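Residue numbers (the working numbering), protein chains in the order written: chain A, 3 to 412; chain B, 3 to 412.
Where hints are given, some of them may not hold.
Note that identical chains are pooled: a pair holds if it fits in a single copy or bridges any two copies.
Said to hold, decoys possible - With a Cα cut of at most 27 Å, we get these calculated DSS-like pairs of lysine-lysine:
1) K391 with K60
2) K34 with K375
3) K95 with K13
4) K260 with K144
5) K247 with K147
6) K60 with K94
7) K134 with K391
What the hints contain is simulated information worked out from the structure, not anything from laboratory work.
Only a predicted model underlies this, so the values are computations on that prediction, with no experimental measurement involved.
Protein chains: 2
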Amino acid sequence: MSASVSPLAPKSVPAMPALDGVGIATAQAGIKYKNRTDLLLMVFDEGTEVAGVFTRSKCPSAPVDFCRANLGGGRARALVVNSGNANAFTGKKGRETTRATGEMAAQAVGCSADEIFLASTGVIGEPLDANKFGHLLGGLAKEAKGGAWAEAAAAIMTTDTYPKVATRQVALNGATVTINGIAKGAGMIAPDMATMLSFVATDAAVAAPVLQALLSSSVETTFNAVTVDSDTSTSDTLLLFATGKAGNARITDAGDPKLEAFRAALGEVLHDLAVQVVRDGEGARKEIEIEVTGASDDRSAKRIALSIANSPLVKTAVAGEDANWGRVVMAVGKAGEPADRDRLAIWFGPHRLAHEGERDPDYSEEATSAYMKGEQIRIRADIGLGEGKARVWTCDLTKEYVAINGDYRS
Amino acid sequence: MSASVSPLAPKSVPAMPALDGVGIATAQAGIKYKNRTDLLLMVFDEGTEVAGVFTRSKCPSAPVDFCRANLGGGRARALVVNSGNANAFTGKKGRETTRATGEMAAQAVGCSADEIFLASTGVIGEPLDANKFGHLLGGLAKEAKGGAWAEAAAAIMTTDTYPKVATRQVALNGATVTINGIAKGAGMIAPDMATMLSFVATDAAVAAPVLQALLSSSVETTFNAVTVDSDTSTSDTLLLFATGKAGNARITDAGDPKLEAFRAALGEVLHDLAVQVVRDGEGARKEIEIEVTGASDDRSAKRIALSIANSPLVKTAVAGEDANWGRVVMAVGKAGEPADRDRLAIWFGPHRLAHEGERDPDYSEEATSAYMKGEQIRIRADIGLGEGKARVWTCDLTKEYVAINGDYRS
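Using the sequences and the accompanying hints, generate a full structural model.
Have a look at this one:
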């Protein structure tokens with residue numbers, strides 16, 4: 003954990019309503035951290051359905067393998083998350099740990115092990131002993147209560163400087179339903195997946211395949227559109243649970259038009275959490291939104307946007323409050339996507355610095371410099387070729403990023 | 003320019019022999035820098051042949067366009083390089099500058115403008131006025147002399163902390179020939195091309211198409227195998243000139259077995275320069291060699307190696323002298339190439355830290371920590387799938403990188 007809270011932390015945190023069918027408890031297991039919670043148990047009522055998306059890493063953690071195997075059933079009764087150790091690249095020991103944890107959680111909750119979901123975050127390559135925290139699960143299951151979302155968000159933090167929560171309420175098919183989510187960052191954030199961990203639950207009744215369709219499409223413009231350092235975690239996990247307790251008639255068709263408001267609200271929760279992750283990027287002092295327009299298609303626009311967002315030279319320039327649009331040109335050029343130097347236009351906030359292949363003669367260095375001192379920087383590049391567009395979010399690259407990551411393990 | 007010389011600067015610099023058929027002169031044009039040279043003229047005797055490789059950026063600089071257009075002729079009489087301004091993203095003004103510079107150089111040397119080659123390095127997007135230095139070319143052409151290679155290397159520096167030179171001599175088809183090269187970095191270094199600028203000349207007689215074949219293949223394992231920050235410059239240029247004055251019978255077939263020693267020597271010059279660029283990477287305190295073995299093929303190995311080399315988390319760990327092999331696992335996993343977590347093995351120098359999917363039980367934290375204090379760090383990842391292998395070079399990511407790039411333009 004960092005000593006000080008990010009200057010980009012939210013000014014206010016929403017009160018998180020209890021969700022019918024979800025119980026939450028946390029504990030100090032002492033896995034790595036001292037004097038803070040590092041273990042989270044979420045218990046779901048019978049009938050809870052689940053969807054998930056995971057890292058595309060070819061070296062996923064043992065908990066990712068475990069979740070993928072259980073996702074096929076579509077049912078969830080509990081989620082166990084620990085911070086301090088990722089249980090990644092831990093070989094047979096890692097698989098034994100997830101198996102044992104799954105069984106202990108199943109016993110604590112009174113369900114089958116294939117209704118358990120697991121996530122671990124922290125150091126890679128260190129064996130994680132399930133006995134360090136498994137014995138706590140029974141007590142946690144008994145004390146789990148509905149409203150402890152802020153505590154849940156705090157327990158899963160690693161180098162995060164603030165807990166990340168978001169909530170929305172929306173009408174769905176005859177009932178008002180709630181969507182609550184938590185997330186944690188803060189390094190190794192890049193598509194795909196770009197969280198490290200995020201858990202979202204709703205009391206809506208929605209069938210698992212519909213949840214999966216909603217989650218897979220919403221993630222493209224939210225968690226898969228943020229990047230801190232271009233590094234993809236071995237543990238990235240986003241799970242969506244639906245307890246079905248809100249009383250709406252269960253939705254079973256992903257094309258059902260009644261889903262639209264729910265889809266939008268879910269998108270807002272994911273976007274809110276994803277941007278919070280970026281704003282707590284390691285060492286971040288500024289949030290950067292990159293918008294690319296005029297690309298040959300949306301996919302091309304997103305690749306160009308990520309090329310800009312992942313460029314160390316762009317990110318250090320923003321850290322230095324320097325509207326160095328030349329580096330944006332560089333990043334457009336290296337993306338490998340169709341681009342025409344002589345049609346490019348670039349804005350920093352409202353200030354157009356370049357158009358038609360050269361510096362905008364009307365651009366004011368003074369006004370742009372003043373803009374760069376803000377904490378939210380918006381960079382737009384218009385490629386001038388077509389209608390493709392995309393937005394992604396990142397943060398600046400500061401000396402603090404280097405400091406945090408230069409001695410994280412020790 | 004940085005205030006202090008990189009601790010990784012060469013301990014000794016080779017004496018650069020004069021090359022028959024090459025004259026060199028430098029000047030202080032005051033384009034951006036004060037009290038240092040920023041203009042280089044190389045003059046080549048009639049009959050000099052030329053080959054080149056350039057940035058793959060979709061937004062190349064005006065000089066790159068100019069060189070590409072002239073390369074088809076295969077003949078060179080002069081090279082003009084300025085530092086301080088890249089003449090990139092300068093629109094019509096940029097093209098006018100290269101046209102005017104080409105004409106002024108042709109007049110100074112007494113040749114056609116299509117035998118002129120140009121390169122510019124420095125800030126992007128600022129117009130470059132040919133009249134700021136074009137009037138100096140006539141005088142430089144008169145005073146050009148054979149041995150001024152160190153001065154040439156110094157004149158093309160931007161944020162480099164030391165000039166980069168290399169030389170080799172080798173027998174070729176009845177004569178001893180010399181290959182001299184210079185290069186400059188030091189940010190925006192990534193494939194492809196991974197220099198910013200490098201110029202190599204030889205007195206050998208080699209036909210332009212043969213030169214091109216040699217250069218294109220040698221660059222893959224040298225300049226295209228180094229990366230500082232994954233950012234690709236708009237100006238990357240590597241030119242190879244052959245004056246033909248050494249007296250060897252001219253080589254006209256790229257498959258000629260007599261070329262082998264020359265090919266090896268050229269490769270050595272390029273490798274030497276490329277690694278010097280990495281060792282002068284902005285803020286670099288350690289050189290990192292990444293070797294990947296056991297990949298499904300060589301191409302896959304190189305992509306994995308570059309994924310490791312470009313990972314900010316790997317680079318900051320090395321900066322912090324932390325043998326954080328878990329981040330190497332992460333970088334292998336995110337490369338998108340075939341990999342099997344449970345077959346991976348990872349070494350830092352001679353120390354095997356992980357094998358068969360988990361931490362090596364015999365690994366000594368103490369010995370590895372001592373190894374990490376060195377200035378050359380070798381990381382090897384064996385993928386365990388096939389015979390593919392590759393080596394790439396990079397440097398660590400330090401707070402100084404952020405400092406240098408946070409206020410470069412201002």
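Against the earlier hints, flag every one the structure doesn't satisfy and list their numbers going up. 3, 4, 7
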